[in-house]
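Below are the chains, spelled out letter by letter.
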Amino acid sequence: MSEDPRGDRRKWHERLQVTLWTLIVPPTVWAAHFLFSYLWAAISCAKQGDFARFPTLFVAGTVLALAAIALSGWIAHRQVRMPGSPPPHQDGTDIDRLRFLAKATLLLAGLSFVGVLFTALPVVFIGDCR
Amino acid sequence: MSLHDQDDPALRAAQEQRLREVWAPPKGLFLRWTDTNNNQVGNWYVLTAFAFMLFAGVLALIMRTQLAVPDNDLVGPGTFNQLFTLHGSVMMFLFAVPMFEAVSIILLPQLLGARDLPFPRLSAFGYWSFLIGGVFVSGSIFFDAAPDGGWFMYPPLTTRTDLSGLGADIWMLGLSFIEVSSVAAAVELIVGVLQCRPPGMRLNLMPLYAWYILVVAVMILFAFPPLIAGDVLFEMERLLDWPFFDASRGGDPLLWQHLFWIFGHPEVYIVFLPSIALFAMLVPTFARRHLLGYPWIVLAAVGTAFLSFGLWVHHMFATGLPKISLGFFSAASEAVAIPTAVQIFVFIVTLWAGRVVWSTPLLYATGSLAIFVIGGLTGVMVALAPFDWQAHDTYFVVAHLHYVLIGGTLMPLFAGLYYYWPLVTGKKLSDRLGRTAFWLIFVGANLCFFPMHLSGLEGMPRRVFTYPADLGLGGLNMASTIGSFVIAAGIAVIVLDLCRSPWRQMAPRNPWQAGTLEWLAHPQDENWGIRSIPLIESRYPIWDQEDFVRKVDEGRYFLPDAEEGRRETIITSVLDARPVSVIRLGAPSWKPMLTALALGGVFILTTYHLYWLALVSGVATLAMVLWWLWTGTAEIPEKPSKPIGHGMELPLYISGGASPGWWAMFITMMADATAFSGLLFGYFFFWTRHADFPPPDMAAAPGIFWPMIALMLALAGWVATVAAREIHARGGIGAGRLLLLFGLATSLAGVPAGLAGPWLSGMDPATHSYPAIVWTLAIWTCLHAAVAAIMQAYVLARSLAGRMTPHHDADIRNVTVYMHFFALTAACAYATIGLFPEVA
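Taken in order, these protein sequences are the chains called A and B.
Take 2 as the starting number for the first sequence in my numbering and just add one per residue.
Take 1326 as the starting number for the second sequence in my numbering and just add one per residue.
The set of hints was computed from the structure by calculation and includes no laboratory data.
One or more of the hints may lead you astray.
Unchecked claim - For each label pair, taking beta carbons as the anchor points, the in silico distance ranges come out as:
1) A:Q18 / B:V1950: 36 to 42 Å
2) A:P56 / B:I1807: 52 to 58 Å
3) A:W13 / B:W1677: 37 to 43 Å
4) A:T20 / B:W1677: 29 to 35 Å
Ideal Cβ placement from N, Cα and C applies to all residues, glycine included.
Construct the complete structure from the given sequences, taking the supplied hints into account.
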């Protein structure tokens, strides 16, 4: 897909600017989800004393976080495969810098995805506030 | 100037002479201490931190001697409490963190081919703050007044003045002062990595050490401020009896634990990552190949940094929090093993794929990895709540943390010491002594700390000054004590090696045949950092770029001269390191040292309750800072731009988002906002801990009216400053000044308006945690309003003095950054104290 025969008409995900800020999108989503989980549990335990076995809010938040990380990872995956010199991306060129950042973003997306799943697991196994 | 001009040896000699004069260190018995060059300040920093390490090590030896046999009476329980508290605090706050800052201050400019970091005077200020605060805290033990509450100072024992003495204040205020210097170093290092890279050094070519330092400096911004917030609350309780941690008056000691460990756990990675970063430099050198998996290291550094902020409650597993909360933190604690392991595998694979040279630094590196992995594995064990309940506060935890810190911080630093000593002094250390020391430390560490796993599992609690013989732990403790002295012997060998260094031969240049920029340094080093700032095309330019060293030495790259007699370096863009401007760096000065002295006075005098003198010291600090800024920053250059060689002409003045000053303000304010969020967390934490918060009898205080007035004033001041910036940039100097004057008035009016709510509704902060935290948020915000007023007045004065013009408007742009954060602080604070009681 990324090797578009019509030349420089790039896909939307190829035109996205890749910076240090986009690099930290996946772990930032993990952090937001983690904070959300902690606050959700702390407030529902402190103020309600309990939470339902499959609380909708928590599931929705987790699915949203996983989707955001997956999207960020997918974009990074496409960018890693943009035409240019092969790895290791160690030349002083635009494409190498881009593909390096995309690769690092992809790896972080993988880690963050696992991290969100880890965070969600206790809710599956621990159903109450004891 | 063209490339060929540099063929002329006379020209090169003249350039070198000018550079030498500009960068000459100040001479003389007293003047030499005014130096700000990263080489000198970095060396002082390293030596001081090393001295604190030796001091804390001696404290540990006294403890181990006391524990060698059961029922020993070498030291009493009071002294023992001071010993372990000071040992932990000094190792963490005065050795591990400052050592990372010190090493980075020395190495970073070399690694980045910069003449110096962007704010050399800030580095010097950080050093003097560290020295004063460190001596103050450490010296207390000689007056039997050292802190004795353990290095995490849990209230309520430490906040009750009838149960703890001056030591708690010394810890709190002395270390707060050092935290200021850590934040200063973080600002310096972040801006250094992002903006002082040599042309061509894009993000994918940056040395991995710089990646690590960037990540760690950002972590400091988010980790240290919660502790500063905690310190503020802690001292308010000790000095003014505001009951934040007193359960009988609506406070909660757990709040301190949260704030401390939000700092304390990332802190572990703050001291681990920069040490492991040294491996990323020395492993490729001794594997004789490029490091494999560069993006994987970036993953590991960034991933660890994020995950490390989700671990803090694993220090609080035994406090009775809901199991679901423990589950979240246990999960994150297990997840952090992934990036940690990734970087270890990257190093192993690189060594495997290379042709290994078994040098002394590499010996330390591999040995420390072995020790670290053992500590990491016990970490995976104690991250599981049920196991932790058994091992909590026993010697098992002591064993775990020492394996982590010796393998993850101390020994990697020794690897770095043996690797980088030739860079700093031009001489190699002895391989024979180095290897002897390594084996002593390696064997000693295992002999000292491995038995602690067992004594811990058999029930020996940490922090006891003695134990009965019936417990049957005498043998294990004796083994630990012998091990500790073996470690000490190893460190003594290293000290001996260092002391013999001045009498040794000079080493050749780049003695390890490394490929990275820092090894351009010459054994008889010039003070100027680098002869000319190179164009980078590879991760290992000395290995890969043709004639690289000669071209740098002959000044064939950028900025080979100092025509105007000023210290300069190049600022480049963040992503691709395109040259943006040339900045003038601060020259040697008394101001950093005097400012640190004045600020130190504030903290030290407050410790002894000398409030009026502390106030005088505070005013002196403010005056020093203003004098420093007025004379040393945002200087309008004598010409708009200057050539840097190869036909490039760069501006000498930049303002706004491309300038280092703007970034420094932004980064400082991120830290400030994080500290504020720590206080805000306190408010909502109390809300979750009480069925009724605010308590019914205070539900109407502080009311909606005054907080909303204060918020309006803050927002008006913010809008006025932003408008002033825009109009001023378009040439409207008069209108800009009027708007600033209006902003100044609203900021000043915001101070009484912010305090009016709690004051007029008669809230007494000593009665309950609710009025105490409301007052704290109000005071914090009003102090920021006062600082806003000072900044607006400063900018106005700059404009009137002709030091700020529409084309040279760095001052107002930087102040606008402050105002953005101030507006955000005011919005959060006043919405919380004014509106939240309505919905709670």
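Checked hints:
no. : hint                        : verdict
1   : A:Q18 / B:V1950: 36 to 42 Å : 37 Å, holds
2   : A:P56 / B:I1807: 52 to 58 Å : 55 Å, holds
3   : A:W13 / B:W1677: 37 to 43 Å : 41 Å, holds
4   : A:T20 / B:W1677: 29 to 35 Å : 34 Å, holds
Figure legend: structure checked against the earlier numbered hints; every hint is met.
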